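Just so you know, the protein sequences line up as chains Z and Y, in that order.
Under my numbering, the first sequence has 91 at position 90, and the numbering climbs by one with no breaks.
Under my numbering, the second sequence has 21 at position 10, and the numbering climbs by one with no breaks.
Calculated from the structure, these hints are not laboratory results.
Treat each hint with caution, since some may be false.
A few chain Y residues that face chain Z, going by a derived Cβ cut-off under 8 angstroms, partial list only [claimed, not checked]:
{"hint": "1", "residue": "Q44"}
{"hint": "2", "residue": "Q53"}
{"hint": "3", "residue": "N56"}
{"hint": "4", "residue": "F97"}
{"hint": "5", "residue": "K109"}
{"hint": "6", "residue": "F112"}
Just so you know, these numbers come straight off a predicted model, no measurement behind them.
Every residue, glycine too, gets a C-beta built ideally from N, C-alpha and C.
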Amino acid sequence: DVKVTQSSRYLVKRTGEKVFLECVQDMDHENMFWYRQDPGLGLRLIYFSYDVKMKEKGDIPEGYSVSREKKERFSLILESASTNQTSMYLCALGGWDTTEAFFGQGTRLTVV
Amino acid sequence: GIQVEQSPPDLILQEGANSTLRCNFSDSVNNLQWFHQNPWGQLINLFYIPSGTKQNGRLSATTVATERYSSLYISSSQTTDSGVYFCAVGFNMEYGNKLVFGAGTILRVKS
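If we strip away everything but chain Z, and leave its shape as in the complex, we get (with noise of 0.2 angstroms):
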């Protein structure tokens, strides 16, 4: 079974604060992406990547950057977080080609 994993199921933050969150798959896969969630607005794409080292802007990246060192793991960082940021983050394998996406179980983010 393919597993993805990402570090917290519920987190709180503060206005301000720089905030990590960690995706890691067991799947070898290239492509790794995160999304955030809005209700009405469905699954949006905040950033992608395509291997080690390498990214590309998603369709909602400000205020987000990323960070891909090895292939397993692909991290969305918060610069200064605030409230419009509060969402439900999700990241996920594959997809957009002939492949199935994977999620994981997605990170409920408030900031406070």
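Following the hints, complete the assembly by docking chain Y onto the known chain Z.
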């Protein structure tokens, strides 16, 4: 960019009823997938279906790529079917390759 529209946005069913969820997309795509998000937030891949029809138990899906739509059919619904159903399409762009999601259909099955 590509648009993915799902209907209906909300659906309430009595246990045992059947339903059809629809997904329309605005351009040619590499693939189409259906997901179910359970109440705890986990997204599970139901079908990878760029074209044709597939069945898995009480669920079936059909994609007609030439007409740019897909349908998810749920028969004899159960309370465990409750959650959010997402349709997502994958396609190539000159600056990257993406999976784009619809806004989802919220399904509530009552016992």
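Outcome of the hint check:
This hint holds: Y:Q44 has a C-beta 6 angstroms from the nearest C-beta of chain Z, less than the 8 angstroms allowed. Given the 8 angstroms rule on beta carbons, the hint for Y:Q53 holds: about 5 angstroms separates it from the nearest Cβ of chain Z. Restraint check, Y:N56 versus chain Z: the minimum CB separation of about 5 angstroms is within 8 angstroms; hint holds. The closest approach between the C-beta of Y:F97 and any C-beta of chain Z is roughly 6 angstroms, which is under the 8 angstroms cut-off, so the hint is satisfied.
Hint on Y:K109 holds. Least Cβ distance to chain Z is approximately 6 angstroms, under the 8 angstroms limit. The criterion of a C-beta within 8 angstroms of any C-beta in chain Z is met by Y:F112, whose closest approach is roughly 4 angstroms, and the hint holds.
Every hint from the earlier list agrees with this structure, and none is contradicted.
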